[in-house]
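Chemist: These are the residues of each chain, in order.
Protein chains: 2
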Amino acid sequence: MALIVQKYGGSSVADAEKIKNVARRIAATRDKGDQVVVVVSAMGDTTDELIALAYQMNEHPDPRELDALASTGEVVSSTLLAMALEAMGYEAISLSGAQAGIRTDATYRRARILKVESKRVVKELEKGNIVIVAGFQGITEEMDVTTLGRGASDTSAVALAASLGAEVCQIYTDVEGVYTADPRLIPEAEPLTEIGYEEMLELASHGARVMHARAVELGEVYNIPILVASSFTGKPGTLIHGGVSMEVRNKVRSIAHDLDVAKITVVGVPDRPGIAAAIFVPLAEANISVDTIVQNASIENITDLTFTVARSQLADAIKVVEPICSSIGARDCVTDSKLGKVSIVGTGMQNTPGYAARMFRVLSEKGINIQLITTSEIRITCIIDEAMVKDAVRALHHAFEEE
Amino acid sequence: MALIVQKYGGSSVADAEKIKNVARRIAATRDKGDQVVVVVSAMGDTTDELIALAYQMNEHPDPRELDALASTGEVVSSTLLAMALEAMGYEAISLSGAQAGIRTDATYRRARILKVESKRVVKELEKGNIVIVAGFQGITEEMDVTTLGRGASDTSAVALAASLGAEVCQIYTDVEGVYTADPRLIPEAEPLTEIGYEEMLELASHGARVMHARAVELGEVYNIPILVASSFTGKPGTLIHGGVSMEVRNKVRSIAHDLDVAKITVVGVPDRPGIAAAIFVPLAEANISVDTIVQNASIENITDLTFTVARSQLADAIKVVEPICSSIGARDCVTDSKLGKVSIVGTGMQNTPGYAARMFRVLSEKGINIQLITTSEIRITCIIDEAMVKDAVRALHHAFEEE
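These protein sequences, in sequence, are chains A and B. Going letter by letter, the first sequence gives residues 496 to 898 in the working numbering. Going letter by letter, the second sequence gives residues 496 to 898 in the working numbering.
Note that these hints are calculated values from the structure, not bench results. Worth double-checking, as some hints may not be accurate.
[As the list claims (entries may be wrong)] Some chain B residues near chain A, calculated using beta-carbon distances under 7 Å:
| # | residue |
| --- | --- |
| 1 | Q551 |
| 2 | M552 |
| 3 | P556 |
| 4 | D557 |
| 5 | P558 |
| 6 | V571 |
| 7 | T574 |
| 8 | G584 |
| 9 | E586 |
| 10 | I865 |
| 11 | Q866 |
| 12 | L867 |
| 13 | T870 |
[Claimed, not checked] In silico BS3-like cross-links for lysine-lysine, where the CA-CA straight-line distance does not exceed 27 Å:
| # | chain 1 | residue 1 | chain 2 | residue 2 |
| --- | --- | --- | --- | --- |
| 14 | B | K515 | B | K527 |
| 15 | A | K614 | B | K515 |
| 16 | B | K614 | A | K610 |
| 17 | A | K833 | A | K885 |
By construction, the Cβ of each residue, glycine as well, lies at the ideal position given by its N, Cα and C atoms.
Let the hints inform the model, and build the full structure from the sequences given.
Modeler: What follows is the structure in structure tokens.
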């Protein structure tokens, strides 16, 4: 008897019939004799609708109140799913994030999980229950409800799997797994049978929406195999795990893209110690995620500093950065919000020269200008004009995936 | 500086505009310098809609799951109300029943409040917050969410008022207070300025929907004055309190009616000790509230036993009673679900003969047949044909209220 954690996203539980369909899938797993813990998102667009209601009340709703409000969506779907399973003759119980022991810090809207006190979950499993946990939410030490950020039900699921020592964490969604590129853009993209944690982390961090990066990271740390598959078909899906890199080194695994990129350049900065900290510490304190950072070589002790943020955070970032620009004596601060990025990811690139050169040549042949470049050991990312992203993905998929 | 508890019902917070209206009323109270704790029901028909969803999943939804589901309605309205107050520049915080320390037993669907641990509420008041508490709900020792029964946000409010030592508990609803009879039936019915706890308790227990009986009882026990008033007008409303009976003894205070009455008669029961217990203990265990019980005089050791239940509980009651009828050797078990009851209530009736006789004569003059009679010291109730209830209320109001 194994313990399996399954997660079902909002589109999988969007209405009563879909919830019953999910219940049948859970029941089939239970019938094999395994213990099952299920993490569930809110039904369809519930979260968006609740947030819209909040903005009708207040243009700047309090984050604590927003979290308490938004968390109700998952309580609704988890109780309904438990009822559907009971109607089929299975013993089931729903638990809120608080009841399931998901303890977080008090950073509302994007709380981090501090620990999972899984006593209650274990007790209910021992009673023979299928345990349905409301995803996306946790509770602080003060017993205030938090949410973990958009798409973070994946993180709830992997955290539970880790704390319970589950055999596998199965993420059921509306796509059939991880592809060599976004199949909506590249019809000939192929689903992957397996992928390593690091590759998946790079993809998730650079625009692949199939899986939440924090969840992948957590899976890697606790070595929990994660299966990403469709809740609507019987296709096998993609297994994310740690033992895959050795066999498949010489390959670009997948191509990720992201259309949500904005750039800020601080022009004419005096090049002295402490300048980077003066800019990026306040941004971090304002909870703004900075992605790529590039600093040009200094000419006469004056340099330019460029970095990117999500487009939705550009206005907030500017508010933080502009007063700093004046105080550090920068000449100007310019922005560009019409950018995108495209990344090639694969452990095969590690220590293998030539991938970057080939990527740049492919883009150049299509007349695509590269604005910024960043790399990791297993990833190369180019930031380009938003309008060129689709062409770039197509050209790169053709060049790398069909070799 | 006084502490005031206010409760707003579902119709008062049915949509975004109404929530803002309620926020303005709360703000006006706060502006007078008082501390304010607000208990709020779910928006409009939210609770019914959630319950309907549950029945789509399962014909017999688990009570624990139903409670967790239904409790989300009040979390939504309380967070939105807090946001609306903050938008107006007031400091406010929402608390779920659990956070507000409403500890209950584990009788799902109609849990009883065991105690209110008001530490968090007090802390938030001391910080200067208006505290918005989700009504209708509490939490067990096991941290499972319970609900207190339909209409029980009144009870939440009075329980909080009692535990906080509030000066008054104001129940805001869609009617302008307690009337001499249901004003929808009797247009000339008059609002009462004040009424005693016991009279209100009798009215609430016998069909007057304006206030939840359990809340009145709690108000009496802890001597919390309760104001019932409209959230839509500036009318003064009705004050329910303990110091009123002496001055106004010689009067029928109000006439209550209830159309939700069903009758079960166990026919031909052997009249021996233990028979009543054999029937009513299992009904109590099945959580069925029995109202009136009448047992006829025994003829040759055979008697008939008649009792009433809410119409919605008739089917469940029959399921319990029928097998018992066979086992105790009763001849038959017959039901009538088309009954209503009408009650006259007033401390003036206490120790004053003649009220019952006058009531029976008024009904008789209208050709209304009385099926069962029950009395308390300050109430006389007649159970009659449902179709005659309106005529009965009119005739009794005419006879008693216009004297």
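Chemist: Are the hints correct? Go through all of them and say.
Modeler: To see whether the hints hold, each was checked on the structure:
Satisfaction of the interface hint for Q551 of chain B is found here, the shortest Cβ-Cβ separation to chain A being roughly 4 Å, below the 7 Å cut-off. Of the supplied interface hints, the one on M552 of chain B holds, with its beta-carbon coming within about 4 Å of a beta-carbon of chain A, less than 7 Å. Interface hint status for P556 of chain B: upheld, as the beta-carbon distance to the closest one in chain A is roughly 5 Å, under 7 Å. At a threshold of 7 Å, the smallest CB-CB gap from D557 of chain B to chain A is about 6 Å, leaving the interface hint in force.
With a least beta-carbon distance of about 11 Å to chain A, the hint placing P558 of chain B at the interface is violated under the 7 Å criterion. For V571 of chain B, the shortest C-beta to C-beta distance to chain A is roughly 6 Å, which falls under 7 Å, so the interface hint holds. Taking 7 Å as the C-beta contact cut-off toward chain A, the hint placing T574 of chain B at the interface holds, the least distance being around 4 Å. Interface hint at G584 of chain B: violated, since its Cβ lies 11 Å from the closest Cβ of chain A, which is beyond the 7 Å cut-off.
Violation of the interface hint for E586 of chain B is found here, the shortest Cβ-Cβ separation to chain A being roughly 10 Å, above the 7 Å cut-off. Using the Cβ-Cβ criterion of 7 Å, the hint placing I865 of chain B at the interface with chain A is not satisfied: the shortest such distance is roughly 44 Å. With 7 Å as the threshold, the beta carbon of Q866 of chain B stays out of range of chain A, its nearest partner Cβ sitting at about 40 Å, so the hint is violated. For L867 of chain B, the suggested interface contact is broken, since its CB lies about 39 Å from the closest CB of chain A, more than 7 Å.
For T870 of chain B, the shortest C-beta to C-beta distance to chain A is roughly 44 Å, which exceeds 7 Å, and the interface hint is violated. Using a Cα cut-off of 27 Å, the hinted pair K515 of chain B and K527 of chain B holds, with the two alpha carbons roughly 19 Å apart. At roughly 42 Å between alpha-carbon atoms, K614 of chain A and K515 of chain B are farther apart than 27 Å, so this suggested pair is violated. Distance restraint check for K614 of chain B and K610 of chain A: the Cα-Cα separation of roughly 26 Å lies within the 27 Å cut-off, and the hinted pair is therefore satisfied.
With a C-alpha separation of about 14 Å, the suggested pairing of K833 of chain A with K885 of chain A holds against the 27 Å cut-off.
Taken one by one, the earlier hints fail for this structure at numbers 5, 8, 9, 10, 11, 12, 13, 15, listed in ascending order.
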